[in-house]
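Peer 1: Numbering-wise (full-length UniProt numbering), the sequence shown opens with residue 1 and increments by one.
Simulated from the structure, these hints should not be mistaken for laboratory data. Hints may be right or wrong, so weigh each one.
[To be verified] Pairs of lysine-lysine residues, derived as DSSO-like cross-links and limited to a Cα-Cα distance of at most 30 Å, are as follows:
#	residue 1	residue 2
1	Lys-241	Lys-298
2	Lys-109	Lys-130
3	Lys-225	Lys-3
4	Lys-249	Lys-225
5	Lys-109	Lys-3
6	Lys-61	Lys-106
7	Lys-153	Lys-367
8	Lys-36	Lys-116
9	Lys-3	Lys-230
10	Lys-153	Lys-49
[What the hints assert, rightly or not] Pair by pair, the computed Cβ-Cβ distance ranges are:
#	residue 1	residue 2	range
11	Leu-69	Lys-160	46 to 56 Å
12	Lys-357	Pro-276	39 to 49 Å
13	Glu-324	Gln-353	45 to 55 Å
14	Asn-171	Tyr-114	49 to 59 Å
15	Ser-101	Asn-200	27 to 37 Å
16	Val-77	Lys-203	49 to 59 Å
17	Gln-454	Glu-178	25 to 35 Å
18	Asp-23	Glu-117	15 to 25 Å
19	Lys-241	Glu-117	22 to 32 Å
Cβ coordinates follow ideal geometry from the N, Cα and C atoms, glycine included.
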Amino acid sequence: MAKVVIAGKADCPYYARCELLGDKLAKNLPDFCLHKIVKQNDEWEKWLKATCNERGWTHMKSPIVWRELIDRGGKGVLIGGANDFQEYAHGYYGMESELLSSDMLKISKENLQYKKEVDEEEKEFKAQSKPLHVCLTVASNPACYAMVNAISKGDVFGSKQEVALHLYDANDKMEMLEGLRMEAIDLAHGLLRDVTVESNLCKAFSNCSAIILMDEVVRNEGEDKDSWYKRNSNLFCNYAKIINDVARKNVKVLLTGDGPVNFNVFMMLQNAPNIPRQNFAGLSRMLENHTKAVIADKLKVNSSGVVNVVIWGNVSGEYYIDLETSRVHGYEGAIWGPPSFSLPTKEMIWDKQWLAKEFPELVKARKAMVEEALNHGAYMSKGAAIATMLGHWWTGSPSGEIFSLAVCSEGWYGVPDGLVYSFPVTMHPKGYWYVVEDIDLTEEVKETLKVTVQDLISEKEIMYPPPKPPTPPQGEVKVTIMEPKEVAAASEKEEEKKEESGEEGSTPGTADSAVEVDSSNEPKLETIVEEKGANDNVNGNATVADRSANEEKVDDSAQEAEQTTPAENAE
1 MAKVVIAGKA DCPYYARCEL LGDKLAKNLP DFCLHKIVKQ NDEWEKWLKA
51 TCNERGWTHM KSPIVWRELI DRGGKGVLIG GANDFQEYAH GYYGMESELL
101 SSDMLKISKE NLQYKKEVDE EEKEFKAQSK PLHVCLTVAS NPACYAMVNA
151 ISKGDVFGSK QEVALHLYDA NDKMEMLEGL RMEAIDLAHG LLRDVTVESN
201 LCKAFSNCSA IILMDEVVRN EGEDKDSWYK RNSNLFCNYA KIINDVARKN
251 VKVLLTGDGP VNFNVFMMLQ NAPNIPRQNF AGLSRMLENH TKAVIADKLK
301 VNSSGVVNVV IWGNVSGEYY IDLETSRVHG YEGAIWGPPS FSLPTKEMIW
351 DKQWLAKEFP ELVKARKAMV EEALNHGAYM SKGAAIATML GHWWTGSPSG
401 EIFSLAVCSE GWYGVPDGLV YSFPVTMHPK GYWYVVEDID LTEEVKETLK
451 VTVQDLISEK EIMYPPPKPP TPPQGEVKVT IMEPKEVAAA SEKEEEKKEE
501 SGEEGSTPGT ADSAVEVDSS NEPKLETIVE EKGANDNVNG NATVADRSAN
551 EEKVDDSAQE AEQTTPAENA E
């Protein structure tokens, strides 16, 4: 079966001749298949050059005709231009074009007008389609691979929402991302309008309404915490500035990496002033799902039946797992009911010691246990956690259920305003989250939450250390203001001390008991010298005598100065 492709400019008369000759062959020959490609003048040169480079041909004019060995897209054999195609048709099928030059010109004008109308209709049709632009960073991550299918078929952003994927990664990952792009197109989902591969951040974030940051800054061996956090800050602050400049102003940003998630969200908030701070969030869902899995394994139920688990605090640091609101569906016990029936989780777990000791450790070790069994990362569960979280953020969470999300605090539960903290939330179908504010906390839980808050404050102080207290200037005297009652009490105590010292054998007012030094710049000081033995008395008397001699020298010097000064003044 012959499959011939004719391509040319819309206003080219020679293309019109080849087109009509091809129509004649297709009409009279049942096995002759014809495909036409029409380009406007501003598109033709670029398209022709790209086509010839791809197929290894050399052709400079309109039209160009080739024969394909299989259906369109297969390897082609170049036939040539208008004259070559007429010779081909005459030699193989005995048919010639009977079109006059004047007719060719008329048809070419009609072709141009028709092409313009078709392009305008296509432009209007595409304008009606407004896909949601979604960017995935580090798209070579296998967790991203697990998410593409869910996003493309409408499980995340809605069953009627078209999407355009932006896959971003480093230059050395472009070949892998190109393969991911082709596979995404092979999914043949009607909601997937476009897939682009980018290594430029500005292009990747441009016009995006949703950005999923899957970056993880790996901590080097022997690297201290402050240096690692500063490297995280540099990366995510750069992301925030670009998002602030090129993304849509209502963009929603979800951080999903394994690094210090709360800290990274906080740093992005400081560098994206044009984006509402409620549009930045950190993923708590993975830790929440680990908790559900451990409880489900303990109670022998499906993990989806464990609901309303709350994660408080720092997702990647100090956190608290709260089961007070948690309930279990599908537990096979003495009491049972319809599918909506549930029982409190803490009542179902009779082993309180297990809850206090083993349970937190099992949740912490869950990720490592899964990855050890798989011999690779838990990519499927990570992708599912991100997809379900985004789905709830866009289309709303199930009614009556509570989830956890790391968001910027507004003072809820005593957490300082502006601190990024994992709270219990519900999601509205219009794309908003709300913190559940009516959970009663015991004093013990409140104290635990204070520890988690302090952990986040210590992370914040790595980049924003608290100001040091001001040091007083040199020579400044610290003055203590006392109430009259306090002054009277202090005087009484001083008198009592004097009396006690007098009872011990020292006589106030003698040279051995006290030394008074008068100075205009210093207060009077009294030093009580106790008699502790013969040697002490000698040393004490010597000391007093020395001081008395010094005072006499000072007084003599002062008198001489008074005598000489008037004489000098008289001179």
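Peer 1: Please list, smallest to largest, the hint numbers that this structure does not respect.
Peer 2: 1, 2, 3, 4, 9, 10, 11, 13, 14, 15, 16, 17 and 19
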